[in-house]
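Student: Next come the chains, spelled out residue by residue.
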Amino acid sequence: MTDFKKNDPRYGAMGYQDEQQLFEMIRRGASRRDVLKYFMASGATLAASGALFGSATEAFANTPKRGGKLIMAADQHGPNDTLDPALFTSAADYFRGRMFYGSLTRLTASLGYEPELAEEILSNADATEWTFKLRKGVEWHDGKSFTADDVIFTMNRHLGADSVSNASSLVTMVDAWEKVNDHEVRAVLSSPNADLPIALGTFHFKIIQDGTTDFTTAVGTGPYKVKEFKPGVRAIGVPFENYWSEGGYLDELEHYGIGDSVSRLNAFLAGDVDAMVNLPSKAIEQIEGTEGKSVWSLEAGAYNNIAPRLDMGGNFSANEHVWKAMQLLQDRQRLLKGVLKGQGSLGNDQPINAAYFDYCDEIPQRELDPEKAKWHWDQTDIGSTPVPVVTADTAQGVVEQCLFMQREGQKVGINFDVKKVTTDGYWGAVWLKEPICTASWNMRPTANIMMTLAFAPGAAWNETRWENEQFSQLLVDVRGETDAAARKQKYCDLQTIIYENNGMSLPVHRNYVDAVADHVKGLTYVPLNNFGGAEAPVTLWRDDA
Amino acid sequence: MYGLILRRLGIGVITVLAVSIIIFIGTKILPGDAAQIRLGQNATPENVKAFRERLGLDLPLYQQYLNWLFAFVRGDFGVSLASDVPISSLIADRYLNTVYVSVLTAIIGVPISLALGILAAMFPGSLYDRVLTFISVSLVAAPEFFTATLLVLVFVTFLGWGNAVVVGSAEGKGFFELIVHFALPITTLCFVIASQLIRMSRAAVLNVMSSPYIEMAILKGVPRRRIILRHALLNAIGPIVNVVALNLAYLVTGVVVVEVYFGYPGLATLIVQAVQTRDFVLIQGLGMIFCMTYVILMLIADIAAIASNPRLRHPK
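These protein sequences, in sequence, are chains H and L.
With this note's numbering as the guide, the letters of the first sequence map in order to residues 1 to 545.
With this note's numbering as the guide, the letters of the second sequence map in order to residues 1001 to 1316.
These aren't lab readings, by the way, just hints derived from the structure by calculation.
Just so it is clear, CB atoms sit at the ideal spot from N, CA and C, and this is done for glycine as well.
One should not assume that every hint holds.
Unchecked claim - Which bits of chain L does chain H cover? Going by a derived footprint, with three or more residues having C-beta under 8 Å, they are:
1. 1025 to 1033
2. 1047 to 1055
3. 1084 to 1096
4. 1237 to 1247
5. 1254 to 1262
6. 1272 to 1286
What the hints assert, rightly or not - Calculated lysine to aspartate or glutamate pairs in the EDC-like style (CA-CA distance at most 16 Å, straight line):
7. H:Lys411 <-> H:Asp378
8. H:Lys420 <-> H:Asp393
9. H:Lys227 <-> L:Glu1171
10. H:Lys341 <-> H:Glu252
11. L:Lys1028 <-> H:Asp424
12. H:Lys230 <-> L:Glu1171
13. H:Lys133 <-> H:Asp182
14. H:Lys230 <-> L:Asp1302
15. H:Lys227 <-> H:Asp195
16. H:Lys65 <-> H:Glu400
17. L:Lys1049 <-> H:Asp162
18. H:Lys433 <-> H:Asp311
19. H:Lys490 <-> H:Asp477
20. H:Lys337 <-> H:Glu252
21. H:Lys133 <-> H:Glu120
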């Protein structure tokens, strides 16, 4: 297992002294926040220091106790809750998936990977062929043995143009999955991808049994098996006695959704549930002041943005001066402090922040500058004509970023007509269709995956429809780059090109902010989603059980 | 009378059919379809197309409707477009929750409010009557979420009794356990329906009280209590039963706010979620349940009104 830590580029970065300091701090009872502060001050990146804390505290934490029951409250849930991993859409789906299923790899807090159902993961020199040696002796909930056929069946559901998988875009470069023998499979790629094992550790690539078509229940390899699953009502897991690894400590793990944030908070404060997702920012202080309850926050690269379509909207969104003015009208500090209550970080009009390994800290921070915005605006003939911006409340701060921009614009005679529409149907009817509209994005495991999904030319989610030849070339080149310095330079160039040319305003990155009672232990810190990146089900245990 | 009932049933069937067409058209007017919503931000033209084919959304509209209708007539609610789960299993659990809450609310709320209302009608203008009027008018004006918040504040936050949301399943619970399980939603809903029932029963009885035959009874010296319970009440049953039926229908179909606030899954929330996911099969199924609930309850109310009033039984 330790060998695989080497795949995680960050572990090598910590010197012996830092390591000793870290262990010493934790021994003295330093909190995650203290550790972050210390290592940030000494120049480590946000995610790296967070991850170090996570893995180091694991070594010191008490041995998990068995028994007890925990109730974890999600938010969005409904009749579309599913047990089909390829169709997962919500944080509730991801968490439930982790209870019942396993995957080939498991992501770590620093967004590297560890082997899970794959015991050993090998690639050829240019990362175009990946071999996964599968763990032997793993049992499905129904008693069958886990074999290569299950993996092939699962992976083929994500391939092909007619795949209904929500994650097929992460594996488009995979040409075929081949069975080598009962405990070994091979992925043959059309282009190099060093991130493949990381992509396979994400939510949608949970392994299902060969031939599964009925998803009313889950037959998985995970630590819990289904006791009850009703879409939009609840999921209850009980320990799977033949789970191949450590984990699944609770007698019962219940997961259900309380859609209304006030009710969810009430339920959490009253002790009806042991943890809740998406703590409203105005309740952060209240939770911090409550005995026995804590904020469970993950520093992440999720973001909100305003994207102009460069290929439409005539003189509005297609005009370079318009989007430059919009970027200069972002009141980033206020959004971060006022709306997110500090639970996030400043955005710099490009998607990669310090939570990513490949973050480039050399790009200067773009600040609020109405005068310069005015200058850009005067290069156009729009004058005081209102420019329409369509938005919906898809995440905290999305609507506010438009309102703040509108207000700053008014001061210098730039008018925006902010139209708020319902979140219901927003992604299908408005997003990518209006000349200027907003979006909210989750973090992706690597900078390359993020950029490939939303910035590569021709990508379906290329929000501004920009095309930059140098960028496309670099994005492909960097996937095969093995030299660390050259890799860093290339990622810096990629981020700079987006910063200068893409056209979107990206004022803030959001943290994932949940709340948890202090008797809940075994928290995870994978910054890809709520509840510790939905990785927590395996390790959760109850201190007072 | 049987002819009348049959005629009403016929009208009921036509109503249900008409409603199903209106709902169907309504779901198709909304932007986006089930395939797009289900794929959400992840939708690409290829997988949307693949999904539409799988869900049968590529068929012409009339065919989609007819397919659904024929299945429904055979008693098959179909399979949810949003999650591939049979509609009947999606509804089953929530239906129980809804039925428990509405029946318990009715059992507790209706008799109490009717008694209070009729009592007020016995002593119009008394202090009791005025206080009750004041309270019930205030309650009519208070929305459910306000009442619910107050109840949580008092009972959960200050007194520390019970839960802020409905926790766990209602399965296998006895009558009193169910009342405890749903204590706060039931109390909230009792307040909501009580105000209307009190006002209506009082008004209905007082209305009858001003008719000539009651004046005759008063002149004859019949005691007031006997006049109301024996002579006035029977004639006031028609309007009262109608209000009760409307309130019961509301309890089955319209308690979205209470369900959301107390975080228990019921039918009302389900139809909101179904609309959000453009799951027209589910919307249709629920629409039919709601519509039939209304039709049946109103039919019962009419029959009760007719049975209690000989004049309606023999129309001129």
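Student: None of the hints should be skipped; say for each whether it holds.
Tutor: Going through the hints against the structure:
{"no.": "1", "hint": "1025 to 1033", "in the structure": "holds (count 4)"}
{"no.": "2", "hint": "1047 to 1055", "in the structure": "holds (count 5)"}
{"no.": "3", "hint": "1084 to 1096", "in the structure": "holds (count 6)"}
{"no.": "4", "hint": "1237 to 1247", "in the structure": "violated (count 0)"}
{"no.": "5", "hint": "1254 to 1262", "in the structure": "holds (count 3)"}
{"no.": "6", "hint": "1272 to 1286", "in the structure": "holds (count 8)"}
{"no.": "7", "hint": "H:Lys411 <-> H:Asp378", "in the structure": "holds, 14 Å"}
{"no.": "8", "hint": "H:Lys420 <-> H:Asp393", "in the structure": "holds, 8 Å"}
{"no.": "9", "hint": "H:Lys227 <-> L:Glu1171", "in the structure": "holds, 14 Å"}
{"no.": "10", "hint": "H:Lys341 <-> H:Glu252", "in the structure": "violated, 35 Å"}
{"no.": "11", "hint": "L:Lys1028 <-> H:Asp424", "in the structure": "holds, 15 Å"}
{"no.": "12", "hint": "H:Lys230 <-> L:Glu1171", "in the structure": "holds, 13 Å"}
{"no.": "13", "hint": "H:Lys133 <-> H:Asp182", "in the structure": "holds, 10 Å"}
{"no.": "14", "hint": "H:Lys230 <-> L:Asp1302", "in the structure": "violated, 38 Å"}
{"no.": "15", "hint": "H:Lys227 <-> H:Asp195", "in the structure": "violated, 35 Å"}
{"no.": "16", "hint": "H:Lys65 <-> H:Glu400", "in the structure": "violated, 44 Å"}
{"no.": "17", "hint": "L:Lys1049 <-> H:Asp162", "in the structure": "holds, 8 Å"}
{"no.": "18", "hint": "H:Lys433 <-> H:Asp311", "in the structure": "holds, 11 Å"}
{"no.": "19", "hint": "H:Lys490 <-> H:Asp477", "in the structure": "holds, 9 Å"}
{"no.": "20", "hint": "H:Lys337 <-> H:Glu252", "in the structure": "violated, 39 Å"}
{"no.": "21", "hint": "H:Lys133 <-> H:Glu120", "in the structure": "holds, 5 Å"}
Of the hints listed earlier, those the structure fails to meet are numbers 4, 10, 14, 15, 16, 20, in rising order.
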